[in-house]
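S.K.: One-letter residues, chain by chain:
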Amino acid sequence: MSALKSEFLEILSNYQGILHKVCLIYFNDEATREDNFQEIVYQLWKSYPKLKKKESIGSWIYAVSINTSIANLKKESKVSYTGKLPDTPVADNILARLESDEELRLLLEAIHKLDDLDKTIMFLYLEEKSYNEIAEITGLTNSNVGVRINRAKESLKKNLNHFSHGK
Amino acid sequence: MENNNFKNTWGKVNYKVGTNKKEDLEKILNGKIKKTINHFRMYALISTLISAGFIIFLIITALNRRNDPLYLSNNLILCLITLFCLVSSLWSARFLSNYQADMPIKIWLKTRIDKLSKWIRNKSVFYIIPLIIIMTLLSIHVYYEKKIFIEVFASTESIIALVVGLVVGFSVSFFTVSRIKKFHQKNLKYLKELYIDMGE
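The listed protein sequences derive, respectively, from chains R and H. Sequential numbering of the first sequence, starting at 0, is according to numbering that gives the first Met the number 0. Sequential numbering of the second sequence, starting at 0, is according to numbering that gives the first Met the number 0.
Simulated from the structure, these hints should not be mistaken for laboratory data. Just so you know, even glycine gets a beta-carbon here, dropped at the ideal spot from N, CA and C. A hint or two may mislead.
Examples of chain H residues lying across from chain R (beta carbon under 8 angstroms, computed) [claimed, not checked]:
| id | residue |
| --- | --- |
| 1 | Lys11 |
| 2 | Pro68 |
| 3 | Leu69 |
| 4 | Ile119 |
| 5 | Phe125 |
| 6 | Tyr126 |
| 7 | Leu130 |
| 8 | Asn186 |
Cβ pair distances, simulated, as ranges [what the hints assert, rightly or not]:
| id | chain 1 | residue 1 | chain 2 | residue 2 | range |
| --- | --- | --- | --- | --- | --- |
| 9 | H | Asp113 | R | Lys49 | 55 to 63 angstroms |
| 10 | H | Ile139 | R | Ala30 | 42 to 50 angstroms |
| 11 | R | Ser1 | H | Lys114 | 42 to 50 angstroms |
| 12 | R | His164 | H | Phe125 | 49 to 57 angstroms |
| 13 | R | His164 | H | Phe174 | 29 to 37 angstroms |
| 14 | R | Glu29 | H | Phe39 | 45 to 53 angstroms |
| 15 | R | Arg150 | H | Asn29 | 23 to 31 angstroms |
| 16 | R | Ser129 | H | Leu130 | 38 to 46 angstroms |
| 17 | R | His164 | H | Ser123 | 41 to 49 angstroms |
| 18 | H | Cys78 | R | Glu29 | 46 to 54 angstroms |
According to the in silico footprint, chain H covers these stretches of chain R (three or more CB under 8 angstroms from chain H) [as the list claims (entries may be wrong)]:
| id | stretch |
| --- | --- |
| 19 | 1-13 |
| 20 | 99-113 |
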């Protein structure tokens, strides 16, 4: 294995939680999540040699993961990926493990109901990203980030109330 | 759930999402690289084989009709168009799949929108496919009629056969191209909506 690849896998190993969470908020179906996870890993690897600011690895991973997921969103119902990779070890059903936590399950359901932009903003907000970081990842201005977060929070609250009362 | 609790609740995800070992991640990466390369190779192989087979057919039939300059011209032009289509389709497949995602979402959306719009705006495929159909039909028809190129146009039966072939060929190609464009237009619409929603 090349030194570059080894270094990349080390970083990926440390930050893989971001990838899993991005897949979790954008896709309902486990198989699609797996495909998307693999695609994100590939896209990260493709752009890794060009990564100059090593101190903003987190923002880079968030941006690539979200962009790749958005690119795959419209394909979800249209394109079925041709077969699974041999021996892929990602097939660990995250949703099944989250089911046990009612609060978390409700929150996820409410996030899934948000539109794609609100979903993205809310995800970054929940990940404790600062306005500056969210602006860097999304390309929005800081002031717009604030407005968007408030809007997304309102929508999320509405969704949560809807699901809570539906119980 | 209270507003403040969103983050606390979400924080639990960190303990629940799975983690793969470095070796597993390497397997995933290698598998995906292999799959992507194989996918492109398969596409390239099939396109090249079909094009090569077609070009061989054009050369053989042209050699058997060395005394018919119009037939030779038709086949020669068809050969060149086939080669051009092969190269541009392989380039286009690489171009569409070889996008970079390492940029802020808004800039990435704009880049993707521009690339897709450019591809959709390109109308050459609507002209090239019918042209290939017309010339291929002429090549095959003239060859098996065992007449020279110009004589075929003197026969009513030949003209009818050509017209029927053309109508069917046009319909099939138009339907196929429209389907592909429609799929990309749907993607483009979604990306544009998202971009507009980001405002400013």
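S.K.: Would the stated hint for asparagine 186 of chain H survive a check requiring a Cβ distance to chain R of less than 8 angstroms?
M.R.: Since chain R brings a Cβ to about 5 angstroms from asparagine 186 of chain H, closer than 8 angstroms, the hint holds.
S.K.: At the C-beta level, are glutamate 29 of chain R and phenylalanine 39 of chain H separated by a distance inside 45 to 53 angstroms?
M.R.: violated, 27 angstroms
S.K.: For the range 55 to 63 angstroms, tell me whether the beta carbons of aspartate 113 of chain H and lysine 49 of chain R fit it or not.
M.R.: The hint (55 to 63 angstroms, Cβ to Cβ) is violated, given that aspartate 113 of chain H and lysine 49 of chain R are roughly 20 angstroms apart.
S.K.: Under 8 angstroms is the threshold here; is the Cβ of leucine 130 of chain H close enough to any Cβ of chain R for the hint to stand?
M.R.: Hint on leucine 130 of chain H: violated, closest Cβ of chain R at ~30 angstroms, above 8 angstroms.
S.K.: Is 42 to 50 angstroms right for how far apart the beta carbons of isoleucine 139 of chain H and alanine 30 of chain R are?
M.R.: holds, 45 angstroms
S.K.: I want to verify a distance hint. Is the separation of the beta carbons of cysteine 78 of chain H and glutamate 29 of chain R within 46 to 54 angstroms?
M.R.: holds, 49 angstroms
S.K.: For the restraint on proline 68 of chain H, tell me whether the closest CB of chain R is nearer than 8 angstroms.
M.R.: It is violated, given that the least Cβ distance between proline 68 of chain H and chain R is near 47 angstroms, above 8 angstroms.
S.K.: That 23 to 31 angstroms hint for arginine 150 of chain R and asparagine 29 of chain H (C-beta), does it hold up?
M.R.: Violated - the Cβ-Cβ distance for arginine 150 of chain R and asparagine 29 of chain H, about 42 angstroms, lies outside 23 to 31 angstroms.
S.K.: Please check whether the stretch 99-113 of chain R has three or more residues whose CB lies within less than 8 angstroms of a CB on chain H.
M.R.: It holds: at least three residues are needed, and the stretch 99-113 of chain R offers 5 whose Cβ sits within less than 8 angstroms of chain H.
S.K.: For the hint on isoleucine 119 of chain H, just tell me whether its beta-carbon gets within less than 8 angstroms of chain R.
M.R.: Violated, because the Cβ-Cβ distance from isoleucine 119 of chain H to chain R comes to roughly 14 angstroms (cut-off 8 angstroms).
S.K.: With chain R as the partner, please determine if phenylalanine 125 of chain H meets the hint condition of a C-beta pair closer than 8 angstroms.
M.R.: violated, 23 angstroms
S.K.: Using the nearest Cβ pair, does leucine 69 of chain H come within less than 8 angstroms of chain R?
M.R.: violated, 45 angstroms
Hint violations for this structure: numbers 2, 3, 4, 5, 6, 7, 9, 11, 13, 14, 15, 16, 17, all remaining hints satisfied.
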